[in-house]
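Student: Quick mapping for you: the protein sequence lines, in order, are chains A and B. Counted the way our numbering counts, the first sequence spans residues 1232 to 1486. Counted the way our numbering counts, the second sequence spans residues 93 to 403.
Just so you know, the hints here were simulated from the structure itself, not pulled from any lab data. Treat the hints with care, since some could be wrong.
Covered stretches of chain B, going by a simulated chain A footprint (3 or more residues, C-beta under 8 angstroms) [stated by the list, open to error]:
1) 142-151
2) 171-182
3) 193-201
Ideal placement from N, C-alpha and C gives every residue a C-beta, glycine not left out.
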Amino acid sequence: MKNSWIVAKRDLGSFFNSPIFYVVTTVFLILYSFIFINILNFFSMQSMQSGQFQQMGMGLNINEMVIEPSFQNMAVVLLLIIPIITMRSFAEEKKSKTFRLLLSSPVHLKEIVFGKFLACMIVVTLMILLSSYSVGFLFFISEPDIGPVLTGYLGILLMAGCYVSVGVFASSLTENQIVAAVITFGFSLFMWVIGWGAQTADSTTGQVLQYLSIIEHLDRFLKGIIETSDIAYYLSFIIFGLFLCHRALDSNRWR
Amino acid sequence: MIEVENLTRYYESRRAINNLSFQIEKGEVVGFLGPNGAGKSTTMNIISCILPASSGTVKINGFDTFEQSLEIRKIIGYLPETPPLYPDMTVAKYLDFAAGVRGVAAKKIPASVERVIDKCSLKDVGHRIIGRLSKGYQQRVGLAQAMVHDPEILILDEPTVGLDPIQIIEIRKLIQELAAEHTIILSSHILPEITQICKRVIIINEGEIAAVDSLGGLTASLRKSERLSLTVRKSEDTIIKKLNSMDQVLSVSSEEENQFFIECALRSNLQEDIAKLALENHWGIIELKPVSMTLEDIFLKLTLEEKEPAA
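Turn these sequences into a full structure, and let the hints guide you.
Tutor: Here it is as structure tokens:
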């Protein structure tokens, strides 16, 4: 664990010393904020209208109509952004031959893999934290339910963990950062849309496809429900990705 | 103590090294000599636990590089051919990191980093970004990184490649200082470098050991004649004839008009006689010097002799 932290600390330093972190975070915040403002505007417009027609106001709920769609959209933006954060992890180390320092050090390979994952997760968490001004603002102007907000953040973090785990694995496969980013994006998107196959497949296959979908498990978190099967899905997804990454790096040494 | 036994390594189907066996005692300074692609780096990578061997074993102080690699990595400092430097870090931060991953206890890191900064004369550049340093300084940072945890064994893969002559001399001096406290394995394809630093040489060619010997022994055993180079102002046809007529001169050849290479018998000390001859004949002697054996010569000798079993 100590060794993982040493590896993660160096990666974080290089994130904050390079423009990547600042550019990516800025793009993320602009995109997310624009979407959030639009959702909020739409909600306030509806509230205005419902002031005129009493019966319309019944279904208005800031949690359901602002926070939930914001989180869903954040999940999309993260899908675009995270491959850029994870692409460097191993690809750059391999390209610049610095990976040999880690390999010749008394550090387990799994500690290195976890350190890389940890560094990316910290960056992503920081980005999500910065974006939380939006939801925080709602608490000043309204009275949203805090429960679904907290579980929503938990769900988003777990889902981001899956993207990061795919990204770190993809980065271990190649020396080329672009290739790593494309693989990460493609695979994450695939795991997102895999549930769509459920509509045409027979019921058993459909259920399996639905269960495999990365976004399917987020919905319940956003509604304030923590279900063990969702947490199990995300954690096993993350661990499996890191396991594959470990295997890929190890087998590389034999070739 | 390093024991290498029947070490073989394949990349895909290409065999990089074949059946290498040698031993290195504690405190020794050993040179790996060989042309590019001979398998020097592969051997060093296996000893420093970065690559597994396809077959054969490496044992260091009784630990196996495959089974107990973590123990070995603690006592090895490795400087690969391309120093593993993060160009966006400052020297001090990088060495902090290197000390951390190489297993120096957190409390001892500042002292360790200070020690190597001192040893590698990096004081003036401690706060500078590695990517902006000259190649010579970068190499020194690479060296500092390899010894930050005060390892028993230093493995240096072509530490002077790509440096200018002054930098080469500095790095060499540094390695010579280190030789007092560490077991050092050094690879190079430059002979003088090895002659200056190493007591023993392992010559690798096409993945196999061509010779293991002390350098003096190697040159002596391969050498059946001494070679002198003579440069004169005049160029006459008679010069070759006159030199040839001397006792103990085996052959005379000339590449340029006024430069002659004289092969003579071992320990014949012909310099004085040749100089006298040149003066008497008014050749206008400019230079007369012994030519030492180059790496190329040794290689040619070794590889050719292997093909002629009788010799």
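Student: Hint by hint, say whether it matches the structure.
Tutor: Here is how each hint holds up against the structure:
1. 142-151: With 3 residues in contact (Cβ-Cβ under 8 angstroms with chain A), the coverage given for the region 142-151 of chain B holds.
2. 171-182: holds (count 8)
3. 193-201: holds (count 3)
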